[in-house]
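Using the sequences and the accompanying hints, generate a full structural model.
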Amino acid sequence: MYPIILVRYGELSLKGRNRKFFEDLLLKNIRSSLDGIPHGRIGKTFGRVYIRTESNWEQISRRLQRVFGIVSVSPVLKKELDLEQIKKGAIQVIQGQEAQTFKVETRRPYKGFPLISPEINSALGAHILNACPQLRVDVHKPDLVLNVEIRREGAFLYSRVIPCLGGLPAGSSGKGLLLLSGGIDSPVAAFLSMKRGVNVEGLHFHSYPFTSERSKEKVIELARQLSPYNTEGVFRLWIASFTEIQRALQQNRYPSLSITLMRRFMMRIGAALAAKEQSYALITGDSLGQVASQTMESIYVINAVTTTPVYRPLIGLDKQEIIDLAVQIGTYETSILPYEDCCTVFIPKNPATRPTLEQVFQAERELDVEGLVQESLAGIEVFELGKK
Amino acid sequence: MQNEIYLDNSATTAVAEEVVQAMEPYWSIQYGNPSSPHLRGIAAEKTMQSCRRQLAELLEADPSELYFTSSGTEANNLALQGIARIPFLARNPGHIITTPLEHPSVLNVLKYLETLGWEISFLTVGSRGEIDPQEMKTLFRNETKLVSIMFVNNEIGTIAPIQELAELIQAENKDRHQKILFHVDAVQALGYIPLSLQSLGVDLMTFSGHKIFGPKGAGLLYQRGKNRLKPLLFGGNQEKGLRPGTENIPAIVGFTKAAQLVTENREANVKHLQQLRRQLLEGIKDIKDYSIHNHPNGAPHILNMSFKGVRGEVLVHFLEQKRIFVAMGAACSSRRRGMSHVLEGIGLPADEILGAIRISLSPELTPNQIHYVIYSLKETVEEIRNIYM
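Protein sequence lines correspond, in order, to chains A and B. Under my numbering, the first residue of the first sequence carries the number 1, and numbering increases by one thereafter. Under my numbering, the first residue of the second sequence carries the number 1, and numbering increases by one thereafter.
A portion of the hints provided could be inaccurate.
[As the list claims (entries may be wrong)] With a straight-line cut-off of 27 angstroms between C-alpha atoms, the simulated DSS-like cross-links for lysine-lysine are: (1) B:137 - B:179; (2) B:285 - B:322; (3) A:88 - A:78; (4) B:46 - B:240; (5) B:174 - B:137; (6) B:111 - B:137; (7) B:308 - A:349; (8) A:349 - B:288; (9) B:322 - A:218.
[What the hints assert, rightly or not] Some chain B residues well away from chain A (every beta-carbon gap over 12 angstroms; in silico): (10) 15; (11) 17; (12) 36; (13) 38; (14) 46; (15) 125; (16) 140; (17) 227; (18) 231; (19) 272; (20) 273; (21) 290; (22) 295; (23) 366; (24) 368; (25) 371.
Read the hints as simulated data drawn from the structure, not as lab findings. Cβ atoms here follow ideal geometry from the backbone N, Cα and C, with glycine treated the same way.
See the structure below:
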């Protein structure tokens with residue numbers, strides 16, 4: 001029914017001289033998100049994007065709802081420049097929408113049309129009141145706004161505004177490396193970073209045979225689910241073996257520190273990989289106080305191994321807020337599959353919640369830290385998930 | 001493949017070569033639908049009849065008492081839900097006696113029947129899964145309609161005294177207008193225990209193809225006498241309308257062949273399995289701090305054990321690196337929901353449940369392979385203990 005989709009991108013238009021860069025990138029991402037489904041011309045005018053549909057506006061709008069940078073989309077009806085046709089269109093557009101009050105807003109860039117905007121407003125308003133007796137006019141806070149644009153090519157009508165993800169276009173920032181565990185939180189941290197334009201790559205630590213092949217499959221699946229949101233629709237996943245480090249840590253004399261030490265190893269390996277791959281940040285799913293390794297003291301001690309910035313987009317979120325986001329992204333169901341990751345197999349009975357640097361320095365003096373880090377890096381595997 | 005030692009035969013089995021051969025013509029040569037009126041259909045119908053006859057002979061039942069299903073799970077569902085759907089019982093839900101160690105395809109159906117108004121009583125079980133038939137008598141009520149008890153437990157191999165239970169139920173039924181029906185899940189019994197359905201006095205019995213070196217997608221429900229159950233699916237008149245749907249002839253042929261092989265070779269197989277089992281039990285005595293969770297007189301093919309301080313899941317993955325495939329006693333260790341209801345049911349402490357592995361043997365295994373398994377178990381348990389302690 002709707003031959004056109006109108007795409008709005010609010011924040012981008014504020015970006016001064018960078019505006020063209022952001023707009024071009026968004027346009028490229030929109031094109032790429034529509035790969036494989038039919039659509040017509042994609043054009044840009046006055047800070048908006050128009051997409052011609054092939055009577056598949058719902059399919060197209062679902063794809064656009066995964067593209068960062070888009071604030072909202074509206075399906076648009078096109079009618080001939082004839083008042084009776086426009087009236088018909090007005091009813092079509094507002095039909096089936098839940099509303100008690102409405103108003104009509106007309107713009108008339110094409111001055112050749114005989115009626116001026118206020119005349120069109122009242123003609124359409126009267127027609128709607130007649131056809132839909134349950135509706136009232138409210139010009140201040142209407143439930144529904146019928147937008148009409150009179151252009152040389154025809155009259156364009158829309159009222160539905162479908163909210164989208166907002167944020168910045170994928171790939172508009174730089175590269176960041178996410179520590180991806182397979183739990184609920186890290187995919188959400190990836191999503192929120194992608195929302196600000198970060199091209200996210202993942203690093204997962206695998207402790208086979210302490211953990212199963214399935215836990216690796218699970219993380220690969222999570223990476224695949226994240227890929228549509230990421231730059232170019234691709235998510236690159238690094239998998240490093242953590243087995244030798246686990247062995248070393250199990251023989252360490254400080255069992256209560258093992259989680260802290262484990263995290264410090266992960267950070268070191270992550271920072272080394274980030275440097276090699278030109279990532280500007282590490283990203284983690286830490287939420288303050290959630291578990292022993294996420295107390296302020298633990299984060300302090302864990303963070304101390306690197307000067308690479310560490311982004312923690314979930315730091316202020318409650319578990320339920322994180323879960324809601326995971327459900328929205330579509331990673332929740334996979335995240336709760338009961339396969340172990342290397343953190344769950346080795347949880348000590350009483351993990352330290354307030355470790356200190358002195359304690360970890362002492363514990364690490366007995367370990368070949370550099371050797372273990374290099375060994376893990378040397379055996380790293382890489383997967384590219386998503387569009388290819 | 002050749003160096004692989006598969007010790008998870010209670011989960012599923014490799015299809016026997018003879019079974020594969022027996023099924024071969026039924027994919028694209030004899031592919032007919034038994035309901036078709038032409039020769040292709042009639043040939044298929046004849047095949048079905050002959051399979052049913054052969055199975056009836058093996059199980060000492062009447063061919064008319066056998067109903068093919070798609071799985072053991074479906075046969076269990078058909079038996080239990082099929083009773084609950086009998087119009088009188090649907091209006092007047094009754095009482096069912098069972099044990100806490102049944103397969104999920106029984107326990108979860110009973111849980112559902114509870115929501116329809118049925119009441120469920122559980123027999124108490126001993127530390128090796130054994131039950132006391134006399135206790136069942138104390139649970140009988142006027143409204144008792146059904147007893148459902150598995151023949152051989154799939155996790156610990158305990159054999160239930162089915163004959164004795166059947167006799168007690170028959171004695172109880174003498175003065176009853178509404179008879180108590182006896183359903184037995186025999187999925188893990190076929191091929192290991194002699195089954196003469198005529199003399200056993202069981203009303204309903206469940207079998208599955210893929211646990212006996214037959215194909216997946218083949219199950220069987222035995223129902224004594226004429227059909228009283230109501231179907232779960234409605235459709236054509238296949239299986240007397242109790243289980244409509246075009247018959248899965250290749251699976252039925254494979255199932256029949258497999259049942260024939262395990263029944264014919266039962267005595268030799270059991271003897272061989274007992275030897276392997278003894279060898280294994282003897283061999284692991286060298287490993288410190290282990291415990292065996294099986295009943296000493298249980299089924300010959302199932303062993304369930306833990307090694308102190310070693311988590312079942314970790315042991316499974318270490319052994320798989322040596323191409324030895326065993327099952328976990330509990331599905332997953334970190335989440336409570338993965339705890340085995342059977343091991344919990346027999347009162348095993350949590351750390352032994354988390355440490356449990358199940359070894360289920362097949363007659364194809366050789367003493368040499370078991371020797372390698374013992375050696376690997378020793379080495380692996382030691383290795384894991386060194387890491388964790």
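These are the hints, each one checked on the structure:
1. At most 27 angstroms may separate the alpha-carbon atoms for a hinted pair to count; residue 137 of chain B and residue 179 of chain B meet this at roughly 14 angstroms.
2. Of the supplied pair hints, the one linking residue 285 of chain B and residue 322 of chain B holds, its CA atoms being roughly 21 angstroms apart against a limit of 27 angstroms.
3. As the CA atoms of residue 88 of chain A and residue 78 of chain A are separated by approximately 11 angstroms, the hinted pair is consistent with the 27 angstroms bound.
4. Distance restraint check for residue 46 of chain B and residue 240 of chain B: the Cα-Cα separation of roughly 16 angstroms lies within the 27 angstroms cut-off, and the hinted pair is therefore satisfied.
5. Between residue 174 of chain B and residue 137 of chain B, the direct Cα distance comes to roughly 14 angstroms. Compliance with the 27 angstroms bound is thereby established for this hinted pair.
6. Simply put, residue 111 of chain B and residue 137 of chain B have alpha-carbon atoms about 22 angstroms apart, close enough for the 27 angstroms limit, and the pair holds.
7. Distance restraint check for residue 308 of chain B and residue 349 of chain A: the Cα-Cα separation of roughly 17 angstroms lies within the 27 angstroms cut-off, and the hinted pair is therefore satisfied.
8. In summary, the hint linking residue 349 of chain A to residue 288 of chain B is supported, as the alpha carbons are separated by about 24 angstroms, within the 27 angstroms threshold.
9. Taking the CA atoms of residue 322 of chain B and residue 218 of chain A, the gap is about 23 angstroms. The hint holds against a cut of 27 angstroms.
10. The beta carbon of residue 15 of chain B is kept farther than 12 angstroms from every beta carbon of chain A, the shortest such distance being approximately 24 angstroms.
11. Chain A leaves residue 17 of chain B outside its interface by the beta-carbon criterion, the shortest separation being 28 angstroms against a cut-off of 12 angstroms.
12. The beta carbon of residue 36 of chain B is kept farther than 12 angstroms from every beta carbon of chain A, the shortest such distance being approximately 42 angstroms.
13. Distance to chain A confirms residue 38 of chain B as a non-interface residue, since its nearest Cβ pair spans about 45 angstroms, more than 12 angstroms.
14. Once the 12 angstroms rule is applied to beta carbons, residue 46 of chain B is consistent with being away from chain A; the minimum gap is 45 angstroms.
15. Its beta-carbon lying about 26 angstroms from the closest one in chain A, residue 125 of chain B satisfies the requirement of being farther than 12 angstroms from that chain.
16. No beta-carbon of chain A comes within 12 angstroms of the beta-carbon of residue 140 of chain B; the shortest separation is about 40 angstroms.
17. Non-interface status of residue 227 of chain B relative to chain A is upheld: no Cβ of that chain comes within 12 angstroms, the nearest being about 41 angstroms off.
18. The claim that residue 231 of chain B is not at the interface with chain A holds, since no C-beta of that chain comes within 12 angstroms of its own (minimum 33 angstroms).
19. The claim that residue 272 of chain B is not at the interface with chain A holds, since no C-beta of that chain comes within 12 angstroms of its own (minimum 31 angstroms).
20. Every C-beta of chain A lies more than 12 angstroms from that of residue 273 of chain B, the closest at about 28 angstroms, which supports listing it as non-interface.
21. At the 12 angstroms boundary, the C-beta of residue 290 of chain B stays outside the reach of chain A, the nearest C-beta of that chain being 20 angstroms off.
22. Even its closest Cβ contact with chain A, about 29 angstroms, leaves residue 295 of chain B beyond 12 angstroms, as expected for a residue assigned away from the interface.
23. Once the 12 angstroms rule is applied to beta carbons, residue 366 of chain B is consistent with being away from chain A; the minimum gap is 26 angstroms.
24. With 12 angstroms as the threshold on Cβ separation, the claim that residue 368 of chain B sits away from chain A holds: the shortest Cβ distance comes to roughly 25 angstroms.
25. A cut-off of 12 angstroms between C-beta atoms confirms that residue 371 of chain B is not in contact with chain A; the least separation is 22 angstroms.
In terms of the numbered hints stated before, the structure departs from none.
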